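Line order of the protein sequences matches chains P and Y. The first sequence begins at 1 in our numbering and counts up by one. The second sequence begins at 1 in our numbering and counts up by one.
A portion of the hints provided could be inaccurate.
[Claimed, not checked] List of simulated lysine to any residue pairs, SDA-like, C-alpha gap at most 25 Å:
1) P:K110 / Y:D102
2) P:K110 / Y:T46
3) P:K100 / Y:T56
4) P:K110 / Y:V61
5) P:K100 / Y:D36
Note that these hints are calculated values from the structure, not bench results. As the structure is a prediction and not an experimental result, all values here were calculated from the model.
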Amino acid sequence: MSVMVDDDLWSAVGDPTRRRMLDQLLQDGVGTPTSLSEHLPVTRQAVTKHLVVLDRVGLVHGTSAGRERQFRVDQAQLARAVAQLADVGATWDSRLQRIKRLAETIQSEKDNT
Amino acid sequence: MGHGSIQRELRIEATPDVVFDVVSSPEHIADWWSADTRIEATTGSTGELVWTDAETGRRDVARIEVADAQPPRLFSFRWTHDADGPLHASNSMLVTFELTPDGDCTVLRMTETGFRERGWDEAKVEAEYADHVNGWDFFLPRLPVYAAKVGANR
Chain P
1 MSVMVDDDLW SAVGDPTRRR MLDQLLQDGV GTPTSLSEHL PVTRQAVTKH LVVLDRVGLV
61 HGTSAGRERQ FRVDQAQLAR AVAQLADVGA TWDSRLQRIK RLAETIQSEK DNT
Chain Y
1 MGHGSIQREL RIEATPDVVF DVVSSPEHIA DWWSADTRIE ATTGSTGELV WTDAETGRRD
61 VARIEVADAQ PPRLFSFRWT HDADGPLHAS NSMLVTFELT PDGDCTVLRM TETGFRERGW
121 DEAKVEAEYA DHVNGWDFFL PRLPVYAAKV GANR
């Protein structure tokens, strides 16, 4: 059976800048557009845009605290994205095992005739 | 290899001719992918992959196009669930089977790239140009842990 991948989730995590933001948030636990932009070669405004994308697919959540919103990674949603990647790999593993069995069965039938 | 792709390699006790036939012929695709298709093992051949749920009769259809067929050493195709028009790098996944003879056996290398969006390709380009950045070094080691957690909750 084919594996259905959530396109929005993959697009969100497919962008290198957004992945680095996720890395930074996982490392620090929490971050603001200002703190994230200090670690990245992009502006605070760009970080804010990326946070909107990540927030839309539920990978981060923002809370209002003081002057800037604070963002945290949603561990459950990140786990879901990761599980989809793992699923794709596992699915190919089982397909390839079937390919191997089929080919070896055909070969041994050939050799025995 | 970029992280936006999957790569596997396995040794099969069969000749490349046999393995090529298994990975590329509709008769065998029906077996290892559970999909009905009428594609031919020739470059440019297009068609559909159809999975039918035996109980509900529900059909799941994907498009497939043979990108390159060089029997018995290479077979690659693009496939996708949701694109109209021609299949290309930004709207489909590319699966490549490379077959290398090894005595009486065949080493089969499979790669799948694409994942239906360009993000992963861009990530690879980025990785080549920005070697000072290793965000994935932090992220990737955590993947198995998260995957295991999710598995445990299912």
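(request) Could you tell me which of the hints above the structure violates, numbers in ascending order? (result) As far as the earlier hints go, 2, 3 and 4 are violated by this structure, in ascending order.
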